[in-house]
Amino acid sequence: MQKIYPFKFLDAYGRDDTRLFFGRDEEVNALYQMVFQSNMLMIYGASGTGKTSLIQCGLAGKFQAHDWLALFIRRGNDINASFERAVADAGGAASNPYDTIDLSVLTAGEDGIATAARVASPLARSLKNVYLNSFRPIYLIFDQFEELFILGTKQEQADFIETIKEILVVDQPVKIIFSIREEYLGHLGDFEKAIPQLMRKKLRVEQMNLDKVNQVIEGVTRLKGSNISLKKGEEQRITEAIFDKIKGNDKTLTIQLPYLQVFMDKLYVHTTNDETRQADAVLALATIEQMGDIGDVLLDFLEDQVKMISKNFSEQGRQVTTDDVWLILSPFATLEGTKEPISIRELCARLPDKNKDLVTETVGAFVNSRILRRNEEENVYELAHDTLAKKIAAKRSEDEIELLEVRRIIKNQVNQKKDQQELFTYRQLARIEACMNRLTPTEEESRLINASRNELKRKRRIRNMQISGVIISLIVVLIIITFQWLNANAQKNEALKQTRIAEQKTKEAKDEKELAIAAQKTRWMQPEKR
Amino acid sequence: MDATGGTTIQTGEKIFNIGVINNATFGPVVENMAFNEYLTRELMNAIKSYCPIAAKYLELVKSKPEWYQLADLSNKAKEIIAANYVGVIGTQLRKLIAIGKEPISDSKQQTYIDTCILTAKRTIQIICFALLSDFWNKKNEKDYPLSVEQKESVTRFFENWIELNFQEYVNLLSCLFAVYKGNGLQLPIPELAEFVAQLQEGSAFMKACEKLNAISETHDKDRYTISNCSEAEVSLTNLLAVTNFFSVYKMVSIKSVGYEEERNTQPKYLHNFVSLGYDSKTNTNIDRLNYLDKPISSDAVLLYKSDYLTGINLFPFVIDLNALTFEGGVKICFFSSLDMDDNNLNYCFLEDNSMECVMFSDVQRSGTLMNELIEDKEKRKKLKLDSVFHSFRGAKATILGQPDSIDLSALDDYK
Numbered sequence: 000m001q002k003i004y005p006f007k008f009l010d011a012y013g014r015d016d017t018r019l020f021f022g023r024d025e026e027v028n029a030l031y032q033m034v035f036q037s038n039m040l041m042i043y044g045a046s047g048t049g050k051t052s053l054i055q056c057g058l059a060g061k062f063q064a065h066d067w068l069a070l071f072i073r074r075g076n077d078i079n080a081s082f083e084r085a086v087a088d089a090g091g092a093a094s095n096p097y098d099t100i101d102l103s104v105l106t107a108g109e110d111g112i113a114t115a116a117r118v119a120s121p122l123a124r125s126l127k128n129v130y131l132n133s134f135r136p137i138y139l140i141f142d143q144f145e146e147l148f149i150l151g152t153k154q155e156q157a158d159f160i161e162t163i164k165e166i167l168v169v170d171q172p173v174k175i176i177f178s179i180r181e182e183y184l185g186h187l188g189d190f191e192k193a194i195p196q197l198m199r200k201k202l203r204v205e206q207m208n209l210d211k212v213n214q215v216i217e218g219v220t221r222l223k224g225s226n227i228s229l230k231k232g233e234e235q236r237i238t239e240a241i242f243d244k245i246k247g248n249d250k251t252l253t254i255q256l257p258y259l260q261v262f263m264d265k266l267y268v269h270t271t272n273d274e275t276r277q278a279d280a281v282l283a284l285a286t287i288e289q290m291g292d293i294g295d296v297l298l299d300f301l302e303d304q305v306k307m308i309s310k311n312f313s314e315q316g317r318q319v320t321t322d323d324v325w326l327i328l329s330p331f332a333t334l335e336g337t338k339e340p341i342s343i344r345e346l347c348a349r350l351p352d353k354n355k356d357l358v359t360e361t362v363g364a365f366v367n368s369r370i371l372r373r374n375e376e377e378n379v380y381e382l383a384h385d386t387l388a389k390k391i392a393a394k395r396s397e398d399e400i401e402l403l404e405v406r407r408i409i410k411n412q413v414n415q416k417k418d419q420q421e422l423f424t425y426r427q428l429a430r431i432e433a434c435m436n437r438l439t440p441t442e443e444e445s446r447l448i449n450a451s452r453n454e455l456k457r458k459r460r461i462r463n464m465q466i467s468g469v470i471i472s473l474i475v476v477l478i479i480i481t482f483q484w485l486n487a488n489a490q491k492n493e494a495l496k497q498t499r500i501a502e503q504k505t506k507e508a509k510d511e512k513e514l515a516i517a518a519q520k521t522r523w524m525q526p527e528k529r
Numbered sequence: 000m001d002a003t004g005g006t007t008i009q010t011g012e013k014i015f016n017i018g019v020i021n022n023a024t025f026g027p028v029v030e031n032m033a034f035n036e037y038l039t040r041e042l043m044n045a046i047k048s049y050c051p052i053a054a055k056y057l058e059l060v061k062s063k064p065e066w067y068q069l070a071d072l073s074n075k076a077k078e079i080i081a082a083n084y085v086g087v088i089g090t091q092l093r094k095l096i097a098i099g100k101e102p103i104s105d106s107k108q109q110t111y112i113d114t115c116i117l118t119a120k121r122t123i124q125i126i127c128f129a130l131l132s133d134f135w136n137k138k139n140e141k142d143y144p145l146s147v148e149q150k151e152s153v154t155r156f157f158e159n160w161i162e163l164n165f166q167e168y169v170n171l172l173s174c175l176f177a178v179y180k181g182n183g184l185q186l187p188i189p190e191l192a193e194f195v196a197q198l199q200e201g202s203a204f205m206k207a208c209e210k211l212n213a214i215s216e217t218h219d220k221d222r223y224t225i226s227n228c229s230e231a232e233v234s235l236t237n238l239l240a241v242t243n244f245f246s247v248y249k250m251v252s253i254k255s256v257g258y259e260e261e262r263n264t265q266p267k268y269l270h271n272f273v274s275l276g277y278d279s280k281t282n283t284n285i286d287r288l289n290y291l292d293k294p295i296s297s298d299a300v301l302l303y304k305s306d307y308l309t310g311i312n313l314f315p316f317v318i319d320l321n322a323l324t325f326e327g328g329v330k331i332c333f334f335s336s337l338d339m340d341d342n343n344l345n346y347c348f349l350e351d352n353s354m355e356c357v358m359f360s361d362v363q364r365s366g367t368l369m370n371e372l373i374e375d376k377e378k379r380k381k382l383k384l385d386s387v388f389h390s391f392r393g394a395k396a397t398i399l400g401q402p403d404s405i406d407l408s409a410l411d412d413y414k
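Order-wise, the sequence lines are chains E and F.
Numbering that gives the first Met the number 0 applies: residue 0 is where the first sequence begins, and numbers increase by one.
Numbering that gives the first Met the number 0 applies: residue 0 is where the second sequence begins, and numbers increase by one.
These are computed hints drawn from the structure, not numbers from a lab.
Treat each hint with caution, since some may be false.
Here are the computed lysine to aspartate or glutamate pairs in the EDC-like style, where the Cα-Cα straight-line distance is at most 20 Å [unchecked claim]:
hint	chain 1	residue 1	chain 2	residue 2
1	F	Lys107	E	Asp66
2	F	Lys138	F	Glu162
3	F	Lys180	F	Glu190
4	E	Lys201	F	Glu326
5	E	Lys164	F	Asp286
Turn these sequences into a full structure, and let the hints guide you.
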């Protein structure tokens, strides 16, 4: 009998992994009950709590095949386009279902008259086609829903809300499940206003406590055919030791699930030295103790892989430092430390000074080490898990962060609707210019940057002209004032002169008068001649 | 086969078409048909007299004699069948159709046969529950006697620790018809008056039941064959064809009943209900409201033809657990058996046939204020679930005409 290696590393569990899925019985049962209480469910929790596995393995496993038709939808480049594609791929795009006989009249009322209310929208028709192909209730699962708010535009979000409203009134049994990181719940305000039942039925997925870790380890070791077992007599202590190792010095009662997955894989390899993961492993306390202080399991794992990739290149005679490798990995994490799916082409565009072959080979190496995963449908690569994104984000330098922020500034504006697009401000342009040699903007981005530059120049010109104008005006005014002052002064002086002349004349006149009076007096005082 | 260049093999009276091997055609072939084709054709013909849209459909496709074998056409027919057969039967038919569309496998065969048997059983159960409910009402007004054998049969239903099997339900059905006939009572479903002839030995209904029972008695399910699938499908089809009147019946679950009375006006009742069956989804539209001047029994699960106010209340034999626990949506459960340890009631959730135990908590102890119970949501839920228990015991006591033989004081040990 072929042995089963029960750990999936950082990959999510699927419907076929039901027998490997342990530690989430409570959550699965709660979710299952909620499915019959509402047509819309919200599952949220911190990154790495296993929301995706809970749905596509735990919940899916509760249904028989004929009662479950799940369409998993990730945002991709646009959530609305991704949703349409998912429905079309599931058989929604029927060409002409009634090519010989027109049965559409059967959708009319029983009196045979079609009413406006009965004319189905394209979306309703598509979902109906999907349903009629299998007669299974449809479950639309919007996974990593936070990507709509991290990477999506306002218009995209608004369009998506309208789509959801339309889905809620179709005639077929359709249920909607959203899976979102809890730190993005605050972004759902507008959504909830438009669709009040959005948060009515929700489930929080918590981190793993000791009891759940115990369920996982017990489950995988008791699984029929499992190549993992525990040393007899040490079972409980082994679980506690694993839990304590991962917890480290943190004063917490829980651990992160991806850490458990990575650690168990590491423990297995440490026990068996078997990278193929075929050998039987008996986990023992002593082995766990040997592993020493593991610190941050994920970060260690990442750093180990980066070193190994760099070393492999060196052995081929190529000088590729660990910094180079980190730089190639960095674009797969957003500024906020979430996953960002990227194609090789886009990656090369973001790393203009890196050789394309080097980038491609490094990505391949990351895929082999299970850090990156390829999405065949979208032809993009993405991190195996969100928790890796956080670690990568934390390793960035200030320069890198600045570059990412600048890219974000550019992208945010470009993604606005044309009539709402704004040019970059002076400060934004200054930041953009500082990073220009490391950016490879698209045509539209370049257009917006150039337009902003031109606008800034124009504004400067106008400002300069305005300043000149003001200065000239001031000078003119000054001249006028001066002239007027001088004029006034001259007039004043003239007036003063005239006043003095007048005063002089007056004085002279007075003097003459006094002289005349004196002369008269003198004549009066002389005796009369007989 | 290569030598003969043939595309069919015949074993006994079954012809297997293997000319084109795909999931649709590699199946039991009676008249060269695959899964659900016979069912689709026969049921559409069976319901056309009750269902105008089915009649219209058949009129439209009459130029295509093999319409039931053309996926694009037959899917619409299947939709009509699943949508029109009453509530829970429609849901079972939807499952059966979905199973029929799956790729061929051993598990598909087993699931298909099990679902055929289950669908037939549910149909019989609905008739039995309707008769029991109606007889309970009638017996509340007048004491209609049961014969010894009838009492025994009905007692087995009320006091069994294991759910009655297929044949036992058929026997119960016959017994209940005999009760009605013996007491000269009018049947609650008028169409049953014509159906009663089907309870004679050798009828299409009884033959179908015998065949389905025989298949269900097969202990070694790994030995189910394609022929068994065909037999199950044909038998189920024949059974549903003679209960084709169910295509005009509907079911609703009453979630709550509100009361309003303005000054100097007549009181009004706000019925909050959900339609069951094919379109049973918790949609923004599906929780419906009716504002009427007549009350309705709260937590009722009603079987009706045109107006649910005059419908048959199947509670407590059929319950909506979500309504009883103040949740949205529906969770329809059929009575299964008593719990062996503590006489609580076991119900079977129709979606996955899992068991739900309705526990009697006797939350309404003597002296407990009703307000106290109503204010606490958890206690209110218990009160509701206790009502299932009380109703069940009440129905049993009335129908059998005897005090409850279950000693409730024994339950104190479990409180």
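Hint-by-hint comparison with the structure:
The hinted pair formed by Lys107/F and Asp66/E meets the criterion: a straight-line CA distance of about 13 Å does not exceed 20 Å. Our distance criterion of 20 Å between C-alpha atoms is broken by Lys138/F and Glu162/F, whose separation comes to about 25 Å. A threshold of 20 Å between alpha carbons decides the hint, and for Lys180/F with Glu190/F the separation of about 15 Å falls inside it, so the pair holds. For the proposed pair Lys201/E and Glu326/F, the alpha carbon gap of about 13 Å is at most 20 Å, so the pair holds.
Restraint check for Lys164/E and Asp286/F: satisfied, since their Cα atoms lie roughly 16 Å apart, inside the 20 Å limit.
Violation of the numbered hints given earlier is confined to hint 2; every other hint is satisfied by the structure.
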